[in-house]
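Got chain A sorted already, so can you dock chain B onto it with the hints?
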Amino acid sequence: MMILDDKLGRHGDAFYAELMDLHEGLTPDQSHALNARLVLILANEIADPARLTALMQAARPTAATKG
Amino acid sequence: MAYDYAPFPYVAPPGLTAPEARHKVVIVGAGPIGLAMAIDLAQQGVPSVVLDDNNVVSVGSRAICWAKRTLEIFDRLGVGERMLDKGVTWKVGRQFHGKDEVYSFDLLPEPGHKYPAFINLQQYYVEQYLVERAQALGDLIDLRFLNKVTDHRDHGDHVSLQIATPDGDYTLETDWYIACEGAGSPTRQRMGLPFEGQTFEEHFLIVDVEMEQSPFGDHDTPERWFWFAPPFHKGQSALLHKQPDNIYRIDLQLGPETDPKTEATEEKVIPRIRAIVGDTPFRLDWMSVYKFRCAKLDRFVHGRVLFVGDSAHVVSPFGARGGNGGIQDVDNLGWKLARVIHGRSPAALLETYNQERTHGSAENILNSSRATNFMTPKSAIESVFRDQVLALATDHPFARKLINSGRLSQPCTLRGMALQTAAPDAPIQPGDPLIDAPLLDAGRPAWLIAKAQGQFTLLRVGHDPIPDIPGFARIGIGHSGDYPCFEDPQGLAAERYGTDHLYLLRPDGHVCAAFRHTDAAAIATAYARATTGPRNDDP
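Chains A and B supply the protein sequences, listed in that same order.
The letter at position 7 of the first sequence is residue 9 when you use this note's numbering, and the numbering goes up by one with no holes.
The letter at position 95 of the second sequence is residue 1054 when you use this note's numbering, and the numbering goes up by one with no holes.
Excised from the complex, chain A in its bound form (with noise of 0.2 Å):
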């Protein structure tokens, strides 16, 4: 499994913040679109196919065994 080393540094705690205000207000089911969107959109940042998928792989155990 690939190991994702820390690239947010100093500016992670920011950047969790502004996640959690994104989501300020919005209903269960609006958050869930949300996060669909962006998910989409850092993809397409990302672009790299081997890379996404591997990031998705590194997502999917944590989310099965422990979501």
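To be clear, the hints were calculated from the coordinates, so they are not data collected in a lab.
Please read these numbers as outputs of a predicted model, since none were measured by experiment.
A hint or two may mislead.
Quick partial rundown of chain A residues pointing at chain B, CB under 10 Å, derived from the structure [stated by the list, open to error]:
hint: 1; residue: M4
hint: 2; residue: I5
hint: 3; residue: F17
hint: 4; residue: L21
hint: 5; residue: H25
hint: 6; residue: E26
hint: 7; residue: P30
hint: 8; residue: E47
hint: 9; residue: I48
hint: 10; residue: R53
hint: 11; residue: T55
hint: 12; residue: A60
Computed list of chain A residues with no C-beta within reach of chain B, every gap over 10 Å [claimed, not checked]:
hint: 13; residue: G14
hint: 14; residue: A19
hint: 15; residue: S33
hint: 16; residue: A38
hint: 17; residue: R39
hint: 18; residue: D50
hint: 19; residue: A52
For every residue, glycine included, the Cβ atom is placed at its ideal position computed from N, Cα and C.
Same frame as chain A, now just chain B:
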């Protein structure tokens, strides 16, 4: 053994029988901040009267985590070593999810510093040591217990106060009034100043227990342990710290729907502690249930009334940024107010206290709010993100960095602010606090922070001497001269400061300028900038 809360003596103040001459400074509040303020001013020759409506130290341990920078300031105030000797030193924080450790951080991974990343020391000891230090400064600090300020008025050129004592009421006048009364600041309320920010709905239980056997188990080095969803406190969070005298601080999240009165009872608390420590014998020392908020005043300077510490700003406790932020306020204000009172700087210099410390407190509030938001998700989606960060953290370093149980107090940087002169190449940037290093003083071990704080100082590491420029103390490291010079036995001072810059340090130990070439005119310009108020062309 429980702390002995011996009351401080009340003495009938002279103002009860005859009007007192106008004082230079009145400090309202004899907690850690007010006491440190009085000591700092006294060390610079400024007398003060300290008024407090109470006559004992803090009841309960309250603020316990004192950061490295605070200890360096306490060192300058003459109490740092005593606190270090009594305190429990720690530097590692461990974070758990359930029973499993997911991430640890080391707040001071390198050696060569007089003070550690943190000590834990109960607020009552901190106050006791500060009171004893204040008493040792004799006539310069007039400590008045059971003196309650009931009203004050700013007359433009002075402030008048109404004070109630057990023997009746009296009046004082002062040039400067410093509010160090804590979060509930009556001064702030009398003035009707907005104190706005974020209130958190979550209740937390703080318990101090005394026990011989450590709840850290076999782990004999004291650390900060934080749990998300611990096995002993389902679905909530928990924090564990060691204090002196075998007292352990346990902090448990209780959720928003909680009755603080019923939770702060032995019958509710003891089972919660038993869930953590099992059958190990313990004694309950102190407990408190609280909610908190992050809020600040827009301005800390209002005419002749100055706000310091929690009177000016409050934060949630995760990050230890309350007491530590307040001591940095003191450090910042002390030398400026002393210069203004001695007539060496215009009163406008105090505006830079407002600028620098509203900046510092905004940083503290930002960090404390983010930590509290992470720990107490306020919607279903926030819980999902928090839980998935924790889940990803098992395998992925990036997610461990996002876990936020408190970003612990770091000294605030004042880079780019009005008093500093830019020096882009300097290893320590103007606006940053000085960095400690081990030295040798005529063969005996010494520390840089103990030599270089308290006055405007020129400091240089390396072979080049420091020219004699009137008005500055000089500290030479790695060379000799007709001023205090020290050896750099491990080369750490050279590594941290470089050898090609001459530094100008403020009395609060912040670099305010650095020079590649010794140029008396440039130094004079930087000093003038550091000792006057903001200029018109400043943003």
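Q | Enumerated hints in conflict with the structure, sorted upward | A | When the structure is compared with the hints, numbers 8, 9, 10, 11, 13, 14 and 15 turn out to be violated.
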